[in-house]
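Residue numbers for the sequence shown follow UniProt numbering, so the first one is 1 and each next one is one higher.
Treat the hints as calculated values from the structure; they're not laboratory data.
One should not assume that every hint holds.
Label pairs and their calculated CB-CB ranges [claimed, not checked]:
no., residue 1, residue 2, range
1, Pro-186, His-371, 14 to 24 angstroms
2, Leu-38, His-101, 15 to 25 angstroms
3, Ser-372, Gln-171, 43 to 53 angstroms
4, Gly-254, Pro-395, 41 to 51 angstroms
5, Leu-216, Pro-395, 11 to 21 angstroms
6, Gly-285, Ala-226, 10 to 20 angstroms
7, Pro-302, Ala-226, 19 to 29 angstroms
8, Thr-50, Arg-75, 34 to 44 angstroms
9, Ala-379, Gly-43, 44 to 54 angstroms
10, Ser-306, Arg-75, 48 to 58 angstroms
11, Gln-171, Leu-375, 20 to 30 angstroms
12, Leu-374, Lys-193, 51 to 61 angstroms
Built from N, CA and C at the ideal position, the CB exists for glycine as well.
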Amino acid sequence: MTRTTSRVTAFMIFAVVVSFVISLAGSSLKTAVQVLFLPIADGFEVNRGTLAIAFTVFFVVNGLISAPIGHLADRIGAVPVIAIGAGALGAVLILCATATHIWVFIAAFGILGAIGFTMVSFVPLGVLADQLFEGRDTGLVYAVLTNGVAVGFIVLVPLWTRLNTVLSWDQILFGAGIVFLVVLVPLSLILVKTHTRQERVTRPRSTMREGVRATLTNARARALIAAFIACGVTMAFIDVHLFPHMHDHGVSPGISSLSVAVLGVLEIIGGLIAGRLCDRGRIRGTLTAGYLLRAGAMVMLPFFPSTFMVIGFGAVFGVSYLATVVATTVWLTRVMPPGTLGTAVGLLWTVHMLAVATGSQVGAILADVQHSYLLTILASAAITLGAVVIVAAQPSPDSKKTVVEEEAVRQ
1 MTRTTSRVTA
11 FMIFAVVVSF
21 VISLAGSSLK
31 TAVQVLFLPI
41 ADGFEVNRGT
51 LAIAFTVFFV
61 VNGLISAPIG
71 HLADRIGAVP
81 VIAIGAGALG
91 AVLILCATAT
101 HIWVFIAAFG
111 ILGAIGFTMV
121 SFVPLGVLAD
131 QLFEGRDTGL
141 VYAVLTNGVA
151 VGFIVLVPLW
161 TRLNTVLSWD
171 QILFGAGIVF
181 LVVLVPLSLI
191 LVKTHTRQER
201 VTRPRSTMRE
211 GVRATLTNAR
221 ARALIAAFIA
231 CGVTMAFIDV
241 HLFPHMHDHG
251 VSPGISSLSV
261 AVLGVLEIIG
271 GLIAGRLCDR
281 GRIRGTLTAG
291 YLLRAGAMVM
301 LPFFPSTFMV
311 IGFGAVFGVS
321 YLATVVATTV
331 WLTRVMPPGT
341 LGTAVGLLWT
351 VHMLAVATGS
361 QVGAILADVQ
371 HSYLLTILAS
381 AAITLGAVVI
391 VAAQPSPDSK
401 KTVVEEEAVR
411 Q
């Protein structure tokens with residue numbers, strides 16, 4: 001191994017480790033507000049529907065900004081995008097903690113928080129995996145990077161639950177913001193500096209319009225994006241309504257935390273398995289199985305008076321959690337032209353987050369009116385089964401075919 005090769009390998013490992021850590025910490029914004037949902041609502045003296053607006057705005061802005069951020073990652077590289085996001089999240093956490101009015105909190109969390117979170121999450125991470133490894137083991141690398149969110153479930157959710165017994169919600173958010181600014185921002189700047197020295201790639205140049213056109217004219221990409229609506233709808237329940245649903249069914253905080261921890265553990269395992277299967281060319285089967293498991297998990301939700309069902313839900317949903325994300329993203333790497341992947345992944349998450357926003361707000365309204373999440377749960381399960389049908393109808397991607405070869409076949 002030459003000295004140059006050693007430096008490149010060291011940089012790739014360093015970039016993966018740092019990006020993983022930032023991804024893990026980036027989930028703190030959502031997980032903290034998720035766990036502290038009811039205390040925050042009580043603190044501002046508002047009902048669930050009002051506070052849920054913060055998540056709705058967050059999801060809408062996340063969706064709208066995903067494609068531009070994906071395009072930015074295509075143009076300047078994913079590493080600088082992730083570093084900027086780390087700094088933004090630290091500032092947002094402190095702003096949320098010091099907000100004195102619900103609408104200030106909603107604006108900080110929903111708008112600024114969504115921008116920062118998008119810059120450290122699935123869109124740039126997907127581009128980073130493709131840029132670092134150029135199609136070699138992309139699925140496994142992407143699974144590792146996005147497992148930062150899973151580790152966040154395991155580590156951060158119990159942490160917020162524990163801290164909430166001794167600290168107020170605003171103290172918790174403020175402390176998390178300080179950690180970002182003092183630890184993660186300097187770490188991200190080191191990554192950028194190292195990236196600048198190592199980066200020698202001339203990236204394919206395409207405008208955002210060209211990336212959008214390439215995505216929307218690709219039949220497989222359109223189908224994958226349509227199916228991904230199911231991922232968004234079901235994630236809305238996890239992000240916003242899971243803890244209130246468990247509270248309504250009398251599930252203790254300890255069991256709630258255990259269920260989410262199980263979800264996180266199985267998310268890690270499921271994501272890594274999905275990544276390896278995708279790298280071996282079993283993309284369609286992996287994605288189909290992921291949606292089937294997701295539908296099965298949603299069907300378990302009405303039976304939450306049973307502790308077994310609470311833990312079982314965490315396990316089944318956890319296995320499917322990243323499987324749909326990894327398989328869909330890897331599939332896009334197989335069918336999108338160079339220089340357009342970030343835009344395609346961004347559009348994927350645009351539709352996903354709009355689905356999350358709809359599920360979040362509709363679920364909150366139905367909960368306030370019907371005092372139950374049953375209709376939301378059944379609708380989510382039905383939409384997920386529809387995704388199974390869409391994916392199963394698609395031709396299986398061949399990992400050995402290049403985009404150019406696929407275009408030749410279509411012509």
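Here is how each hint holds up against the structure:
1. Distance hint check for Pro-186 and His-371: the Cβ-Cβ separation is about 48 angstroms, which falls outside the suggested range of 14 to 24 angstroms.
2. Range check, Leu-38 to His-101: about 19 angstroms between beta-carbon atoms, so the 15 to 25 angstroms window is met.
3. Range check, Ser-372 to Gln-171: about 33 angstroms between beta-carbon atoms, so the 43 to 53 angstroms window is missed.
4. The beta-carbon spacing between Gly-254 and Pro-395, approximately 47 angstroms, falls within the hinted interval of 41 to 51 angstroms.
5. The supplied range of 11 to 21 angstroms is met by Leu-216 and Pro-395, whose beta-carbon atoms lie about 19 angstroms from each other.
6. Take Gly-285 and Ala-226: their Cβ atoms lie about 19 angstroms apart, and the range 10 to 20 angstroms holds.
7. The hint said 19 to 29 angstroms for the Cβ distance between Pro-302 and Ala-226, and at roughly 27 angstroms that hint holds.
8. Taken as a hint, the range 34 to 44 angstroms holds for the pair Thr-50 and Arg-75, whose Cβ atoms sit roughly 39 angstroms apart.
9. The hinted window of 44 to 54 angstroms between Ala-379 and Gly-43 is violated, with their beta carbons roughly 31 angstroms apart.
10. A hinted range of 48 to 58 angstroms holds for the C-beta pair Ser-306 and Arg-75, which are about 51 angstroms apart.
11. A hinted range of 20 to 30 angstroms for the beta carbons of Gln-171 and Leu-375 is inconsistent with their spacing of about 37 angstroms.
12. The supplied range of 51 to 61 angstroms is met by Leu-374 and Lys-193, whose beta-carbon atoms lie about 53 angstroms from each other.
Violation of the numbered hints given earlier is confined to hints 1, 3, 9, 11; the remaining hints are satisfied by the structure.
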